[in-house]
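Visitor: Listed below, chain by chain, are the residues.
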Amino acid sequence: DAGVIQSPRHEVTEMGQEVTLRCKPISGHDYLFWYRQTMMRGLELLIYFNNNVPIDDSGMPEDRFSAKMPNASFSTLKIQPSEPRDSAVYFCASSDRTGTMNTEAFFGQGTRLTVV
Amino acid sequence: GNSVTQMEGPVTLSEEAFLTINCTYTATGYPSLFWYVQYPGEGLQLLLKATKADDKGSNKGFEATYRKETTSFHLEKGSVQVSDSAVYFCALSDKYGGATNKLIFGTGTLLAVQP
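Chains as they are written, first to last, in the working numbering: chain B, 1 to 116; chain E, 1001 to 1115.
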């Protein structure tokens, strides 16, 4: 498996524009997570899905942020409109469970978003 | 709520020095504990894990023991190398309303190893 794949790797956009980040989880994983990493706040969980259903979106900062998972192999994180303070590295991760045991999360390489 | 606290960096060491990065946690129930490593420009990679009390996780010369009595999971390595320079994250898996793999991360500790 190629691992978690995120695109694009880098995105530079102007304030007010819509930004869409994409993620392909590892095949067979039924959990998908979106994290945001900044110097100030560290690594924050934005939202996660189980079997394509959003379970906890309490970390989504504002209504400008939305995430979807239309099928088991694809998820998007959208920011509309974008603002300079949204500049960060956004990570997608996926994981699985074996019985009652928590397995580790596998991370993509991230999307570095710069809003100017 | 559940949380992870790890020592602030940066930690600067000379090659072959002993490394300890402290991590303590607050959690209800019996979480699993993890150390992740992030090399420059890359995503996080699992370094090691422990799923129950007294378990020792180990990988690439790094070790951490799940201490329930002290709610700690300190990362250690006997002899660091320049290639170990990275950011290290302590994390726990949060059980919320049933089975979940939600991870809660510490703030990360930057390790810089000098030749």
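No wet-lab data here; the hints were simulated from the structure. Glycine residues also receive a C-beta, built at the ideal position from the N, C-alpha and C atoms. Possibly wrong hints are sitting among the right ones.
As the list claims (entries may be wrong) - List of simulated lysine-lysine pairs, DSS-like, C-alpha gap at most 27 Å:
#, chain 1, residue 1, chain 2, residue 2
1, E, K1077, E, K1056
2, E, K1052, E, K1102
3, B, K68, E, K1102
4, B, K24, B, K78
5, E, K1052, B, K78
6, B, K24, E, K1056
Unchecked claim - A few chain E residues that face chain B, going by a derived Cβ cut-off under 10 Å, partial list only:
#, residue
7, F1018
8, L1019
9, Q1038
10, G1041
11, E1042
12, G1043
13, L1044
14, L1046
15, K1049
16, K1060
17, S1085
18, A1091
19, S1093
20, I1104
21, T1107
Visitor: Indicate, hint by hint, whether the structure satisfies it.
Guide: Status of the hints after comparison with the structure:
Restraint check: the Cα-Cα separation between E:K1077 and E:K1056 comes to about 13 Å, which is no more than 27 Å; the hinted pair holds. Among the hinted pairs, E:K1052 with E:K1102 is consistent with the structure: their alpha-carbon atoms are about 17 Å apart, no more than 27 Å. Restraint check for B:K68 and E:K1102: satisfied, since their Cα atoms lie roughly 18 Å apart, inside the 27 Å limit. Using a Cα cut-off of 27 Å, the hinted pair B:K24 and B:K78 holds, with the two alpha carbons roughly 15 Å apart.
Distance restraint check for E:K1052 and B:K78: the Cα-Cα separation of roughly 37 Å exceeds the 27 Å cut-off, and the hinted pair is therefore not satisfied. Between B:K24 and E:K1056 the CA atoms are separated by roughly 32 Å; this puts the pair beyond 27 Å, and the hint is violated. A hinted interface residue such as E:F1018 counts as satisfied when its beta carbon comes closer than 10 Å to some beta carbon of chain B; here the least separation is about 26 Å, so the hint is violated. About 21 Å separates the beta-carbon of E:L1019 from the nearest beta-carbon of chain B, more than 10 Å, and the hint is not met.
A least Cβ separation of about 9 Å between E:Q1038 and chain B falls short of the 10 Å threshold, and the interface hint therefore holds. Taking 10 Å as the C-beta cut-off, the interface hint given for E:G1041 holds, the closest approach to chain B being about 8 Å. The closest approach between the C-beta of E:E1042 and any C-beta of chain B is roughly 6 Å, which is under the 10 Å cut-off, so the hint is satisfied. Hint status for E:G1043 relative to chain B: holds, with the closest Cβ pair at about 4 Å, below 10 Å.
For E:L1044, the suggested interface contact is upheld, since its CB lies about 4 Å from the closest CB of chain B, less than 10 Å. Below 10 Å, beta-carbon pairs count as interface contacts, and E:L1046 has one with chain B at about 4 Å; its hint therefore holds. Because the beta carbon of E:K1049 sits about 6 Å from the nearest beta carbon in chain B, less than 10 Å, this interface hint is met. At a threshold of 10 Å, the smallest CB-CB gap from E:K1060 to chain B is about 15 Å, leaving the interface hint violated.
A least Cβ separation of about 18 Å between E:S1085 and chain B goes past the 10 Å threshold, and the interface hint is therefore violated. With its C-beta approaching chain B no nearer than about 9 Å, E:A1091 sits inside the 10 Å limit, and its interface hint holds. For E:S1093, the shortest C-beta to C-beta distance to chain B is roughly 4 Å, which falls under 10 Å, so the interface hint holds. Proximity of E:I1104 to chain B holds as hinted, the smallest CB-CB distance being about 7 Å (cut-off 10 Å).
Hint status for E:T1107 relative to chain B: holds, with the closest Cβ pair at about 4 Å, below 10 Å.
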